[in-house]
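Just so you know, the protein sequences line up as chains A and B, in that order.
So in the working numbering, spot 208 of the first sequence is number 208, and the numbers just go up one at a time.
So in the working numbering, spot 245 of the second sequence is number 245, and the numbers just go up one at a time.
Treat the hints as calculated values from the structure; they're not laboratory data.
The structure displayed is predicted, hence computed values, not measured ones.
Check the hints yourself; a few may be wrong.
Below, computed lysine-lysine pairings styled on DSS-like, alpha-carbon distance capped at 27 angstroms [what the hints assert, rightly or not]:
no. : chain 1 : residue 1 : chain 2 : residue 2
1   : B       : K205      : B       : K135
2   : A       : K36       : B       : K205
3   : B       : K77       : A       : K380
4   : B       : K135      : B       : K77
5   : B       : K205      : A       : K13
6   : A       : K380      : A       : K36
7   : B       : K214      : B       : K174
8   : B       : K194      : A       : K380
9   : B       : K205      : B       : K194
10  : B       : K194      : A       : K13
11  : A       : K425      : B       : K194
12  : A       : K470      : A       : K425
13  : B       : K65       : B       : K194
14  : B       : K205      : A       : K380
15  : A       : K36       : B       : K214
16  : B       : K77       : B       : K65
17  : B       : K205      : B       : K174
18  : B       : K77       : A       : K470
19  : B       : K65       : A       : K380
20  : B       : K70       : B       : K194
21  : B       : K135      : B       : K70
22  : B       : K214      : A       : K380
23  : B       : K174      : B       : K65
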Amino acid sequence: MRAERDFPGLVEKEMADPVLRESLGAMEASRAHMYKLAFDELDDAGELKARATAVRRRSIAGMAEYLQQFERNVLANGGRVHWAADGSEANEIIARICRDAQARLVTKSKSMVTEEIELVPALEHAGFEVVETDLGEYIIQLRGETPSHITAPSLHVSLQQVIDTFNEHHQVPRDRPLETADQLLAEARAVLREKFLHADVGITGANFLVAETGSVIVVTNEGNADLTTTLTRTHIVVTGIEKVVATLEDAEVLLRILPRAAVGQRLTNYTSFFHGPRGVADADGPNEFHVVLLDNGRSAMLGTEFEDMLRCIRCAACLNHCPVYTAIGGHAYGSVYPGPMGAVLTPQLAGLAASRHLPNASTFCGRCAEVCPVGIPLPKLMRHWREREFANHLRPAGERRGLRLWAWLNDGGVRYRLAQAVTRKFLRWYAGRALATGWLRHLPGPGRAWAQTRDFPVPPEQSFQQLWSKRERDT
Amino acid sequence: MSETTPQKPATAPAGRVGLLATCLIDTFRPAAGLASARLLEQAGYDVSVPEQGCCGQPNFNGGDKNGARKMALRTIKVFAGYDYVVVPSASCAAMLRVHYPELFAADSDERVQAEDLARRTWELTQFLHDVAGVKNLPSEFRANIVIHDSCSALRELGVRAQPRALLAQVTGCKEQPLANPDVCCGFGGLFCIKYPDISNRMAQKKIADLLTTKEPVDALVSTDLGCLLHLAGKLHRDGTPVDVWHIAEVLNGQASVVKGESR
Numbered sequence: 001m002r003a004e005r006d007f008p009g010l011v012e013k014e015m016a017d018p019v020l021r022e023s024l025g026a027m028e029a030s031r032a033h034m035y036k037l038a039f040d041e042l043d044d045a046g047e048l049k050a051r052a053t054a055v056r057r058r059s060i061a062g063m064a065e066y067l068q069q070f071e072r073n074v075l076a077n078g079g080r081v082h083w084a085a086d087g088s089e090a091n092e093i094i095a096r097i098c099r100d101a102q103a104r105l106v107t108k109s110k111s112m113v114t115e116e117i118e119l120v121p122a123l124e125h126a127g128f129e130v131v132e133t134d135l136g137e138y139i140i141q142l143r144g145e146t147p148s149h150i151t152a153p154s155l156h157v158s159l160q161q162v163i164d165t166f167n168e169h170h171q172v173p174r175d176r177p178l179e180t181a182d183q184l185l186a187e188a189r190a191v192l193r194e195k196f197l198h199a200d201v202g203i204t205g206a207n208f209l210v211a212e213t214g215s216v217i218v219v220t221n222e223g224n225a226d227l228t229t230t231l232t233r234t235h236i237v238v239t240g241i242e243k244v245v246a247t248l249e250d251a252e253v254l255l256r257i258l259p260r261a262a263v264g265q266r267l268t269n270y271t272s273f274f275h276g277p278r279g280v281a282d283a284d285g286p287n288e289f290h291v292v293l294l295d296n297g298r299s300a301m302l303g304t305e306f307e308d309m310l311r312c313i314r315c316a317a318c319l320n321h322c323p324v325y326t327a328i329g330g331h332a333y334g335s336v337y338p339g340p341m342g343a344v345l346t347p348q349l350a351g352l353a354a355s356r357h358l359p360n361a362s363t364f365c366g367r368c369a370e371v372c373p374v375g376i377p378l379p380k381l382m383r384h385w386r387e388r389e390f391a392n393h394l395r396p397a398g399e400r401r402g403l404r405l406w407a408w409l410n411d412g413g414v415r416y417r418l419a420q421a422v423t424r425k426f427l428r429w430y431a432g433r434a435l436a437t438g439w440l441r442h443l444p445g446p447g448r449a450w451a452q453t454r455d456f457p458v459p460p461e462q463s464f465q466q467l468w469s470k471r472e473r474d475t
Numbered sequence: 001m002s003e004t005t006p007q008k009p010a011t012a013p014a015g016r017v018g019l020l021a022t023c024l025i026d027t028f029r030p031a032a033g034l035a036s037a038r039l040l041e042q043a044g045y046d047v048s049v050p051e052q053g054c055c056g057q058p059n060f061n062g063g064d065k066n067g068a069r070k071m072a073l074r075t076i077k078v079f080a081g082y083d084y085v086v087v088p089s090a091s092c093a094a095m096l097r098v099h100y101p102e103l104f105a106a107d108s109d110e111r112v113q114a115e116d117l118a119r120r121t122w123e124l125t126q127f128l129h130d131v132a133g134v135k136n137l138p139s140e141f142r143a144n145i146v147i148h149d150s151c152s153a154l155r156e157l158g159v160r161a162q163p164r165a166l167l168a169q170v171t172g173c174k175e176q177p178l179a180n181p182d183v184c185c186g187f188g189g190l191f192c193i194k195y196p197d198i199s200n201r202m203a204q205k206k207i208a209d210l211l212t213t214k215e216p217v218d219a220l221v222s223t224d225l226g227c228l229l230h231l232a233g234k235l236h237r238d239g240t241p242v243d244v245w246h247i248a249e250v251l252n253g254q255a256s257v258v259k260g261e262s263r
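In isolation and in its complexed conformation, chain B is listed as follows (with noise of 0.2 angstroms):
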């Protein structure tokens, strides 16, 4: 993976977006945050990574509404006086968009706050499509991919067609379609832990569907991390060669089929 210093343009950027990288991209997968931050710089806007935490997803799922509420005030003051706030992982970007509302009482001040960071929050691959109108990317990846819808993408941010919008101007990406591509691959955050046997059962079909697709797939392709990591961390251990990137690496070029090794 080549990380050369991004051209930012010389023209006026397009607004100001403050890009939550997610605790997962911070972490495990640095490339997938540097890469979604190019893609944006690219799409003309001015970038900026304030320094930030978790979400407070797993706190809100766990039932620890207390702890939740913290770190979504946290949030949102952090990313407050951006235009855009750009999240690579469209579960976190759910939490923001969808559940920050919910956290506070209905005429609170911080139920004001959040709705606006709600309107202002996008999840990556819906940005540069729904928002910036991303065209000719000039990133090449020839390979077959099965892209792996999210439960928070498709059932609470309503994203699919974007993720293929964008992939379909990757030189040489071809889409492998899963027969089940709407069921849940089970990670699910601390479900994954919490019941290991009925995570890796429904691994199992994930990799059983992504296995039989029409051709043979390099590589598995996503917006969210979490999915990516737990499948990833399936595939290794069977030895199963199908290479693992986020969608934000796909996008910005920096992917390449080395089967089994990516990840």
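Excised from the complex, chain A in its bound form (with noise of 0.2 angstroms):
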């Protein structure tokens, strides 16, 4: 899977764009207010949380054994199992599917799974061609862009380049206005409803799979997962192991909660439970129905102290509730899966040295764990991480060395006492004339880190011990 190393550049630039910030302000003043609301109205928010939770934990204790059901039912309703280990194995069993069934044009709705596998260059390049059909996705794909956000694609995008991008790419007449937010959906309705009509294949994620019925569900807000999966012959579906739940009602009490936890709605504006090709009786659907279900990772995890993030929905509440989510977006993270859940998930996937900074971009508030609806310890994983990189020389030397000795000068009283009385007389002196503004505007060292946009305090002569000392003795 995709990540990037340089971290720190990716921020810079991101920081930069003053598009992102103002999306990204609107975003966190929004998410969060929806979260609390939809929260706020239940009776008791913390037993739907301990109940999703504990449907989760359930699900990933017995996964194996619910994939098989999950299987045997699909097969059962006249559809197809594949398993891919990794994502190229993904991608080439569903290019084979697509040229079995003779396609061309491949819709598909929003998946987090396909930009994991990187699917559509994959199938492009195998000759199809693919539509994105979530309006959020549709766009960044005509920008040739990725999502910068799990649940919401194009966030970093404005209004004005979604104008621009649509009069780029599509023939508009001259005199159709473009310019509201209701004339571009009217555009891109009209622009993908022929592709709709015209697809061959459709492609889908999936959010949950339920083991006792082997049904399919997928929740969107804009129904373009319907439309990709009842005006094509084949609808293809894939998935992460981890989505499978056991039963009808454990999915219930997971899709009270996704919405919620997402975007703030009791419901999505579609739930769409899919179980397999058409029947006899049905007046549409499609005539095949695959469903290809992807490790890539994640059977890795069971057992690990990273089996909590299975748990994981994909709602987003965490990177809607993230500070530093919400200070730099999600394209500089560098990885498909950015914020809390992408800081722990990506090391997994894509490798610790790939991805070493991302657990570190945290300071640890724990609102992440917070507001998680799967009570998923995303601090702890993400502290798990860093200690991997402590151990396996992951982190520049010099913070290695920096702890190491820190912990060796707090090993007495002496150390610490002497270090300490150093460190207040070397800032006093590096003071200079500063001493008596009792501020420090430049630091040596580490500290010039700090002192790029904050001044430090000069330390006063005595430190508290000294004086307690002083204070006990002359008492």
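Assemble the dimeric complex from its two separately framed chains, guided by the hints.
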């Protein structure tokens, strides 16, 4: 999976973007507010979260068994199940199904798993035309960009940029106004309608897979997944193996919590259950129904300290409430999954060396864990990655040595006292004429990063412990 | 800031308190340490400050679990035998209360000791309010203040009401609520020097919030000196006239409005 090593470079670039800054500000204010309203209106939000957590725990504990049950039921319903160990295997399977269906045009609805495996470029490379049908995904597909948010992929794009993009890529008649959101929506709808009608294969992800029925559940607010699947001859579902739940009753709990956590809605506009190809009595639906189950590093998380992460239902509440995400945006992470969930998942999927910054770019403020509807202890999991980085020499040598030295200095009493006295004396000397102001404008060494934007206090002559000892002697 | 000799109560102490002053207070704000000790003494406790260093939080969060373990063991040893361990910092208190036990194997002796220390450890305002039941503080601070809830206070210790209940006893002290009180200020320990640009953006947002309260703010008050030094450094660099006080200083009547010079 894609991961970018130059996190600080990306952060600098993204933070300089005024459009992004405005979008993130608006998103931060609205999503956190909607989340609060959606949970505050419940009699017992804590109980719903506890139930959702229990459902997901059960799903992951019995994952192997539930997946087999799911497969049996999909087969019984007339569909097929394909197992993919990694992204390239999944892409090969999907390309083969498209070739067998003699497809030319493929429509797809929003799916982060397809981003993870880079399905669209793979299918395009294999000669198929692929059209994203989620509005946000469609916009960024035209712009040649990747999603910057897992539920709001075009968050980073302004209205004006959408106008420019449509004018550039669509044959918009001169006399047709294209200025308001409604006009843009109508324009996208007109273009996508043609695509829906002429598509041969429709690809969706899945929010949940139900073992006891072989159901694939997809939620959208735009209805595009339904048009993608009912108007094509072949429906391919591609999703991660962790999406399975045991029963419809379990799925019901998650369907109640997912839209609330994601966008503050009680229900999404469309909640669709797919059960295989059209039956003889069905008025519509695809002739073929395939489910591609992707592992791609997920089963390796079972039994490790990262197993909790498999509970994730991709609601993005952790992104929406993350002060780091809302400061830098999704693209700065350089990975498919951004924000706190991405900081935990990316090292697993793309390797720790390639994503070593991500678990470190957190203040551990804990808001992500607080809002997670399935109780994933995200800061704790990020800390586990940091432990692995420390153990495997993936942090800068200076930082490692610094922490070791800090621990050593703190092992006695004398060493601490001396180190502290030296630090205070040094800073007071370094302050020079600024001593009287009480503030340092510059610092040497690692302190430079502090002093870029903040002054640093000149420490007083005597430490608290010295003053205390003096007081004790005096009384 | 006047520092007079504290009056120890004549009655038998309510218990022995070991004060973990924290390395930041020890080094940069001794006044907050002395204020903490005095508040505890005035509440009737016998206060000691055993020779101490860092609790190990930077190592724990930096991935150096072994280093953190060593520092935890030393802290456990130093604070053995006190009825209470009081910490004028929520993040350091949370290190002892929440994370020390996580450092050791489930049924090891160390785990038992860590859990024992965790049970005896309190953040300062949590202790003054929940344990000591402090009422009618004689202090005065005539100012509009913003209370900065640290993330550790809110989400690791559940401390939100205690600072407010105590500050309500300080004559003239009036809280101006923030629009976004739950949002991190961007300090984050080593985070603030590992990712200074992100940290700075977060500080800017926090300061924008504190400059748009209903009534103009004289001072920023918090349980955590790390957040305060970070925000004070930013306020001072930008020339924004807002004072910064540790909550112990305000509760102990050491704070005054000097507009930007208290820091």
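A quick look at each hint next to the structure:
| no. | hint | in the structure |
| --- | --- | --- |
| 1 | B:K205 to B:K135 | violated (35 angstroms) |
| 2 | A:K36 to B:K205 | holds (21 angstroms) |
| 3 | B:K77 to A:K380 | holds (26 angstroms) |
| 4 | B:K135 to B:K77 | violated (33 angstroms) |
| 5 | B:K205 to A:K13 | holds (19 angstroms) |
| 6 | A:K380 to A:K36 | holds (24 angstroms) |
| 7 | B:K214 to B:K174 | holds (12 angstroms) |
| 8 | B:K194 to A:K380 | holds (19 angstroms) |
| 9 | B:K205 to B:K194 | holds (19 angstroms) |
| 10 | B:K194 to A:K13 | holds (17 angstroms) |
| 11 | A:K425 to B:K194 | holds (25 angstroms) |
| 12 | A:K470 to A:K425 | holds (19 angstroms) |
| 13 | B:K65 to B:K194 | holds (19 angstroms) |
| 14 | B:K205 to A:K380 | holds (26 angstroms) |
| 15 | A:K36 to B:K214 | holds (23 angstroms) |
| 16 | B:K77 to B:K65 | holds (18 angstroms) |
| 17 | B:K205 to B:K174 | holds (22 angstroms) |
| 18 | B:K77 to A:K470 | holds (24 angstroms) |
| 19 | B:K65 to A:K380 | holds (13 angstroms) |
| 20 | B:K70 to B:K194 | holds (24 angstroms) |
| 21 | B:K135 to B:K70 | violated (39 angstroms) |
| 22 | B:K214 to A:K380 | violated (37 angstroms) |
| 23 | B:K174 to B:K65 | violated (42 angstroms) |
Consistency note: the structure conflicts with the earlier hints numbered 1, 4, 21, 22 and 23.
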